[in-house]
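Model the full assembly from the supplied sequences, consistent with the hints where possible.
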Amino acid sequence: MAIEKIFKDDASEEKGERARMASFVGAIAITDLVKTTLGPKGMDKILQSTGRGHGITVTNDGATILKSLHIDNPAAKVLIDISKVQDDEVGDGTTSVVVLAGELLREAEKLVAAKIHPMTIISGYRMAAECARNALLQRVVDNKENAEKFKSDLMKIAMTTLSSKILSQDKQHFAQLTVDAVMRLKGSTNLEAIQIIKKPGGSLKDSFLDEGFILDKKIGLGQPKRIENAKILVANTAMDTDKVKIYGARVRVDSMSKVAEIEGAEKEKMREKVQKIIAHGINCFVNRQLIYNFPEELFADAGILAIEHADFDGIERLALVTGGEIASTFDNPESVKLGHCKLIEEIMIGEDKLIHFSGVEMGQACTIVLRGASHHVLDEAERSLHDALCVLSQTVNDTRVLLGGGWPEMVMAKEVDELARKTPGKKSHAIEAFSRALVAIPTIISDNAGLDSADLVAQLRAAHHEGCNAGIDVITGSVGDMAELGISESFKVKQAVLLSATEAAEMILRVDEIITCAPRQREDRM
Amino acid sequence: MAAVTASQPRSSKTESYVDNKRKEDIRQANIKAARSVADAVRTSLGPKGMDKMISTANGEVIITNDGATILNKMEVLQPAAKMLVELSKSQDAAAGDGTTTVVVIAGALLKQCLTLLSHGIHPTVISDSLHKASSKAVDVLTAMAVPLELSDRESLIKSASTSLNSKVVSQYSTLLAPLAVDSVLSVVDPAKPDMVDLRDIKIVKKHGGTVDDTQLVKGLVFDKKASHAAGGPTRMENAKIAVIQFQISPPKTDIEQSIVVSDYTQMDRILKEERNYILGMIKKIKATGCNVLLIQKSILRDAVTDLSLHYLAKAKIMVIKDVERDDIEFITKTLNCLPIANIEHFRAEKLGHAELVEEVSLGDAKIVKVTGIKDMGRTTTVLVRGSNQLVLDEAERSLHDALCVVRCLVSKRFLIAGGGAPEIELSRQLGAWSKVLHGMEGYCVRSFAEALEVIPYTLAENAGLNPIAIVTELRNRHAQGEINAGINVRKGQITNILEENVVQPLLVSTSAITLATECVRMILKIDDIVNVR
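In the order they appear, the protein sequences are chains A and B.
The first sequence begins at 1 in the working numbering and counts up one residue at a time.
The second sequence begins at 1 in the working numbering and counts up one residue at a time.
Since the hints were derived computationally from the structure, they do not count as laboratory data.
Check each hint, because a few of them may be wrong.
[As the list claims (entries may be wrong)] Quick list of in silico lysine-lysine cross-link-like pairs, DSBU-like style, CA-CA up to 30 angstroms: (1) A/Lys225 with A/Lys205; (2) B/Lys224 with B/Lys333; (3) B/Lys283 with B/Lys333; (4) A/Lys218 with B/Lys224; (5) A/Lys199 with B/Lys412; (6) A/Lys84 with B/Lys23; (7) A/Lys231 with B/Lys333; (8) B/Lys374 with A/Lys353; (9) B/Lys206 with A/Lys198; (10) B/Lys366 with B/Lys218; (11) B/Lys73 with B/Lys284; (12) A/Lys276 with A/Lys231; (13) A/Lys231 with A/Lys337; (14) A/Lys198 with B/Lys73; (15) A/Lys115 with A/Lys15; (16) B/Lys218 with A/Lys218; (17) B/Lys286 with A/Lys269; (18) B/Lys284 with A/Lys269; (19) B/Lys284 with B/Lys224; (20) B/Lys374 with A/Lys218; (21) A/Lys267 with B/Lys314; (22) A/Lys276 with A/Lys225; (23) B/Lys224 with B/Lys283; (24) B/Lys369 with A/Lys218; (25) B/Lys202 with A/Lys218; (26) B/Lys366 with B/Lys206; (27) B/Lys412 with A/Lys218; (28) B/Lys224 with B/Lys205; (29) B/Lys132 with A/Lys198; (30) B/Lys225 with B/Lys314; (31) B/Lys224 with B/Lys316; (32) A/Lys217 with B/Lys333; (33) B/Lys218 with B/Lys202; (34) B/Lys136 with A/Lys198; (35) B/Lys314 with B/Lys283; (36) B/Lys202 with B/Lys52; (37) A/Lys276 with B/Lys284; (38) A/Lys258 with B/Lys314.
See the structure below:
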């Protein structure tokens with residue numbers, strides 16, 4: 001006898017073929033959405049927010065597009081997750097990973113239709129991925145020993161990453177900028193020390209790297225605008241009055257003079273607090289909260305530069321770069337660590353005045369000031385720059401470098417094809433499919449550039465038969481030598497793309513049932 | 001094996017064909033939307049351009065021909081159209097003038113792009129060629145420009161009046177142009193000669209009179225009355241001015257407080273105490289010799305009470321109350337004084353000095369003027385008058401544009417001819433350049449060159465001239481080497497525009513072209529609109 005009902009109302013269950021179909025369709029739809037952004041001639045998307053304000057974002061960054069999508073399909077969510085992970089781990093290749101996973105699934109769909117068991121496909125894919133990885137490992141170039149060469153590798157990687165972004169026109173300039181910034185980090189991947197400030201106006205070319213820290217705030221009235229050998233106290237404290245924070249506390253008095261006394265006492269408390277702060281022997285005080293008129297004047301009298309309302313990010317970073325600690329009580333000056341810097345001064349960028357801290361304790365810190373026509377341009381530029389910085393900082397740690405422009409994919413495809421020929425049994429179909437999925441990436445790159453992909457990929461395949469440095473040169477629209485053109489990619493990024501895409505595809509393939517739980521009942525508010 | 005690989009790209013080709021159809025549609029829709037925005041402001045270009053009346057959602061009416069203002073108030077929703085609005089804002093930020101021009105150029109470029117796209121040229125190719133063309137255009141413009149010295153006041157005035165001529169207030173350009181020049185020059189810091197902070201120029205609008213009465217004040221103007229409540233002085237010579245950030249009123253604590261009155265005599269005592277308290281404060285103020293008090297507005301409590309005003313009046317101290325906190329910096333900079341946040345810190349060295357502070361009647365309204373300030377900071381105040389609110393607002397916007405023009409000249413000291421001359425010259429030179437380029441690039445650059453003709457065309461059209469006749473004539477003259485031939489709208493013919501004193505800063509033209517190109521390239525590269533959270 002059949003069980004009548006296992007699930008709650010509204011919960012649904014899809015099994016076997018249907019479940020697999022649903023995940024294939026979802027994953028492939030996501031892939032098709034982002035694949036036009038791939039490569040140096042990839043297109044941008046407008047993201048139109050349906051929320052309040054209908055704000056728009058123009059972007060070409062896979063992770064940003066996917067992050068903001070409304071998605072209901074579980075398989076599509078898996079793809080979005082891998083793109084997020086890729087973003088967190090290596091920062092670049094967020095589109096590639098989704099496209100590769102999607103292509104793998106597209107191939108798998110065909111195999112499943114040809115009655116090959118998903119488990120067979122999975123084991124084939126695993127073998128292929130392992131083989132592809134080894135193929136890459138054999139071809140990597142490592143210039144760790146040669147600092148000069150390594151730097152030029154970094155430049156090439158930065159240029160390659162940036163060439164698919166909005167900054168492509170000025171990629172030389174920005175590549176130099178990012179390489180300089182990353183070299184300053186001396187191997188740490190702490191990108192917090194690189195601050196990016198966006199200021200509308202001017203053009204992208206006017207962006208620059210500043211060796212120091214810039215805070216987008218104003219200096220209080222009547223205070224020195226320039227301080228040398230500054231001792232900085234970074235604090236997060238209320239500078240209005242220390243109120244009794246018990247609800248309902250109130251003062252009951254019987255005459256006006258007493259009220260005046262209390263007011264005086266409040267002022268006195270404030271003055272004491274300021275005195276304590278001054279007693280630290282500082283000449284610059286940065287507070288996260290507002291500094292009211294009264295303490296501001298006290299600071300001005302003491303010749304201390306006080307900056308109010310520095311945003312949270314701002315003070316944490318300032319504390320980091322100047323080597324100070326964020327203080328909130330001031331009773332024991334000896335236990336508070338002060339920050340130091342050589343010079344604080346007011347500078348003007350565009351129309352705005354900013355405060356510039358130079359000669360900071362932590363030599364790694366620097367600031368990139370981005371200029372551009374509008375907020376859209378600036379936001380997108382920041383995203384692109386962030387990608388480049390991520391990749392570079394990863395490359396500094398893992399110095400292995402590959403060529404770009406579809407070269408790694410073709411190398412892998414060739415090896416995987418060899419493997420397919422050697423492997424007996426049904427698995428070889430899956431391995432062959434893996435190689436086809438790899439070839440899809442150069443195909444998409446050339447399609448996006450409006451080139452004849454069928455012709456180009458065939459040429460590329462022929463060229464790779466001998467094993468050379470051929471890749472797609474989208475600028476001239478032909479097959480070119482990637483080493484000569486200086487198109488490089490980080491091994492770490494490629495490896496992450498390969499492995500996480502295979503894993504994601506595997507995970508989705510394993511699914512044979514989708515159970516959608518009943519949505520939680522909303523309580524009726526009527 | 002080979003058969004499989006061959007079939008695979010072909011299958012993806014058919015798929016991408018379907019996709020491309022949709023992408024083409026989105027691109028077309030974007031371009032159309034952006035162009036309709038450009039068309040909306042097109043008629044307001046040039047000295048004979050028309051104005052737009054905008055009635056905003058809250059019933060306010062604005063009459064203007066400032067491109068940035070029109071677009072800002074239009075509240076467009078289509079993303080590409082929004083980008084055009086942003087474009088005009090950027091131009092406003094970068095150069096301050098030419099906000100209509102930039103949108104019109106972007107519109108014309110988009111129109112050309114549409115044709116190029118329909119010929120099957122890949123958008124990225126167009127985008128790259130546009131970038132090349134625009135950087136070449138900047139070179140051409142720079143070569144055309146005439147260098148300028150800041151001491152050349154005449155030329156500065158000429159360019160300011162070119163900007164003003166296209167506004168409602170054009171008949172006052174002889175008055176406003178020198179005014180704009182003088183005010184900008186007076187705030188230029190000799191230490192940093194390239195920087196002008198327009199925030200150092202304060203524009204005070206006052207209803208009444210006509211634009212003719214607009215004046216430059218060497219000093220400060222408050223759009224407020226001096227406090228009359230208790231008959232205090234309204235004119236003070238040899239003023240010692242204090243800017244205070246505390247309140248002269250009964251004390252108030254931050255902790256909630258209440259005074260318990262238990263009998264009648266206590267009440268009397270409290271009243272007396274209040275009086276003594278205030279009197280004590282005023283005595284301290286008087287002791288420093290201060291005779292003009294500027295009081296910052298406070299939201300927590302009354303800045304002054306009737307009682308304190310009374311005592312201040314008795315102490316012969318002039319009071320101006322409700323000064324905004326944002327203005328304090330400007331005021332202290334101008335007066336060369338320090339704000340005082342506590343009565344205990346009221347010291348003579350924190351005061352500012354001025355020869356005269358007086359309340360002046362302007363029609364039925366009154367303002368307070370501070371003149372003859374000792375060691376005045378590098379600031380200026382402009383008092384704008386106008387017969388009604390609409391004229392007043394438009395005059396302010398026009399003056400802002402004129403100030404920006406002068407500022408542009410200070411930061412980049414080159415002048416260029418106006419009246420469509422640079423655009424037609426660009427069009428000619430780029431057209432010639434396109435002939436030596438190869439392939440698609442040459443084709444795209446030629447389209448860019450053609451698009452630039454929209455400026456002289458629109459200028460002529462708006463002036464009621466025959467645009468085709470004028471543009472062809474203009475082309476002809478430029479081909480003969482008269483690079484400064486432009487449309488003289490007043491005479492309705494083509495003349496050497498430099499001789500007619502129609503000049504504009506180079507920065508306005510270059511930034512209009514680079515910004516418009518950047519925006520168009522961005523629109524071209526978009527192939528999808530995705531709805532997100």
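How the hints compare with the structure:
1. A/Lys225 with A/Lys205: Roughly 29 angstroms separates the two Cα atoms, so the pair holds.
2. B/Lys224 with B/Lys333: 20 angstroms, holds
3. B/Lys283 with B/Lys333: 27 angstroms, holds
4. A/Lys218 with B/Lys224: 28 angstroms, holds
5. A/Lys199 with B/Lys412: With Cα atoms ~20 angstroms apart, A/Lys199 and B/Lys412 stay inside 30 angstroms; holds.
6. A/Lys84 with B/Lys23: 26 angstroms, holds
7. A/Lys231 with B/Lys333: 27 angstroms, holds
8. B/Lys374 with A/Lys353: Holds, at roughly 26 angstroms.
9. B/Lys206 with A/Lys198: 37 angstroms, violated
10. B/Lys366 with B/Lys218: It holds: about 18 angstroms lies between the C-alpha atoms, which stays within 30 angstroms.
11. B/Lys73 with B/Lys284: At roughly 51 angstroms apart (the allowed maximum being 30 angstroms), B/Lys284 and B/Lys73 break the hint.
12. A/Lys276 with A/Lys231: 15 angstroms, holds
13. A/Lys231 with A/Lys337: Status holds; Cα separation ~10 angstroms.
14. A/Lys198 with B/Lys73: 25 angstroms, holds
15. A/Lys115 with A/Lys15: OK: A/Lys115 and A/Lys15 at ~17 angstroms, within 30 angstroms.
16. B/Lys218 with A/Lys218: 26 angstroms, holds
17. B/Lys286 with A/Lys269: 27 angstroms, holds
18. B/Lys284 with A/Lys269: 22 angstroms, holds
19. B/Lys284 with B/Lys224: 26 angstroms, holds
20. B/Lys374 with A/Lys218: 26 angstroms, holds
21. A/Lys267 with B/Lys314: At roughly 29 angstroms apart (the allowed maximum being 30 angstroms), B/Lys314 and A/Lys267 satisfy the hint.
22. A/Lys276 with A/Lys225: 23 angstroms, holds
23. B/Lys224 with B/Lys283: This hinted pair holds, its Cα atoms lying about 25 angstroms apart.
24. B/Lys369 with A/Lys218: 28 angstroms, holds
25. B/Lys202 with A/Lys218: 19 angstroms, holds
26. B/Lys366 with B/Lys206: 9 angstroms, holds
27. B/Lys412 with A/Lys218: Roughly 27 angstroms between the alpha carbons, so the hint for B/Lys412 and A/Lys218 holds.
28. B/Lys224 with B/Lys205: 11 angstroms, holds
29. B/Lys132 with A/Lys198: 25 angstroms, holds
30. B/Lys225 with B/Lys314: Between B/Lys225 and B/Lys314 the Cα gap is close to 18 angstroms, so the pair holds against 30 angstroms.
31. B/Lys224 with B/Lys316: Roughly 19 angstroms between the alpha carbons, so the hint for B/Lys224 and B/Lys316 holds.
32. A/Lys217 with B/Lys333: 18 angstroms, holds
33. B/Lys218 with B/Lys202: Roughly 11 angstroms separates the two Cα atoms, so the pair holds.
34. B/Lys136 with A/Lys198: 27 angstroms, holds
35. B/Lys314 with B/Lys283: 11 angstroms, holds
36. B/Lys202 with B/Lys52: Holds, because 27 angstroms separates the two Cα atoms, which is no more than 30 angstroms.
37. A/Lys276 with B/Lys284: 28 angstroms, holds
38. A/Lys258 with B/Lys314: 27 angstroms, holds
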